[in-house]
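**Student:** Let the hints inform the model, and build the full structure from the sequences given.
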Amino acid sequence: MALPKEPRQKMINMMYLVLTALLALNVTKEVINAFVTINESVSLSKENLDKKNQNTYAAFAQAMSVDAAKYAEVNTRATNIKKSAGDLVKFIEDLKNDLITKTEGLKDNQPIPVLREMEKKDDYDSPTNIMCGDDQNGKGKKASELKTKIEELKKTFLVNCPKGTESDYKKRLDQLLNTSDPEKVEDGKRSWEMVNFYHNPVVATIALLTKIQSDVRNAESQ
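Mapping to the working numbering: the sequence shown position 67 is 95, numbers consecutive.
Please note that the accuracy of each hint is not assured.
In silico lysine to aspartate or glutamate, EDC-like type, Cα no more than 20 Å apart, as pairs [stated by the list, open to error]: (1) K199 <-> E179; (2) K169 <-> E179; (3) K175 <-> D115; (4) K177 <-> D153; (5) K170 <-> D126; (6) K57 <-> D150; (7) K175 <-> E211; (8) K111 <-> E173; (9) K175 <-> E121; (10) K170 <-> D151; (11) K170 <-> E121; (12) K110 <-> E179; (13) K183 <-> D209; (14) K169 <-> D151; (15) K167 <-> D209; (16) K118 <-> E179; (17) K182 <-> D163; (18) K182 <-> D209; (19) K124 <-> E101; (20) K169 <-> E121; (21) K175 <-> D136; (22) K124 <-> D136.
Note that these hints are calculated values from the structure, not bench results. No experiment lies behind these values; they were computed from the predicted model shown.
**Tutor:** Okay, structure coming up:
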């Protein structure tokens, strides 16, 4: 099955790339607020995909109630995918909350604001330290942990996809959840971690993490 052609999601992805490019020129209030809007739009897409996936899992449960023996194998595959995707989405959600908490300097008992209500949306020191640290390749911190978890998720998806479709699905999965280092080094960014998370304001980092969550749900739906 081909990945769904979703013009709205593609447009959001393109807008994110344009805004990221603008960051290199000037971090204006307008650009910062645009990232907030992008994050909210991607969050809505993620929620819609999650609802779609839950309906699919409900169909598996219904099939199992009718003929458990017939659908046992495919239901097990679906369950494996559901757990793997859910674990990664939760990890990213916890990471987003941690980024906001540390950037805002919140105490443990203080509520975590939504992105639009953050006071330090343009701060890039905290997210860079958390995601990339001081390593010249940006490795060994949360961005590397995220990359490893994405790659583990992809392996789980491939193991549980329909037999005979592994090669085709791997190509599309690698495109949707790309974790490759850049072929060409630009601005000293020689790793996936650096390209995505180095010296970006927290508002851009949160928006990207939300996009990854949406991409995970998109891949899960396949």
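**Student:** Evaluate each hint against the coordinates.
**Tutor:** Taking the hints in turn, this is what the structure says about them:
1. K199 <-> E179: 13 Å, holds
2. K169 <-> E179: Given pair K169, E179 holds - Cα atoms ~16 Å apart, limit 20 Å.
3. K175 <-> D115: Holds, at roughly 14 Å.
4. K177 <-> D153: 24 Å, violated
5. K170 <-> D126: 11 Å, holds
6. K57 <-> D150: 9 Å, holds
7. K175 <-> E211: With Cα atoms ~17 Å apart, K175 and E211 stay inside 20 Å; holds.
8. K111 <-> E173: 18 Å, holds
9. K175 <-> E121: 15 Å, holds
10. K170 <-> D151: 17 Å, holds
11. K170 <-> E121: 13 Å, holds
12. K110 <-> E179: 16 Å, holds
13. K183 <-> D209: 18 Å, holds
14. K169 <-> D151: Measuring from Cα to Cα gives roughly 18 Å; hence the hint holds.
15. K167 <-> D209: This hinted pair holds, its Cα atoms lying about 11 Å apart.
16. K118 <-> E179: The given pair, whose Cα atoms are some 16 Å apart, holds under the 20 Å limit.
17. K182 <-> D163: Status violated; Cα separation ~26 Å.
18. K182 <-> D209: 16 Å, holds
19. K124 <-> E101: 35 Å, violated
20. K169 <-> E121: 17 Å, holds
21. K175 <-> D136: 27 Å, violated
22. K124 <-> D136: 15 Å, holds
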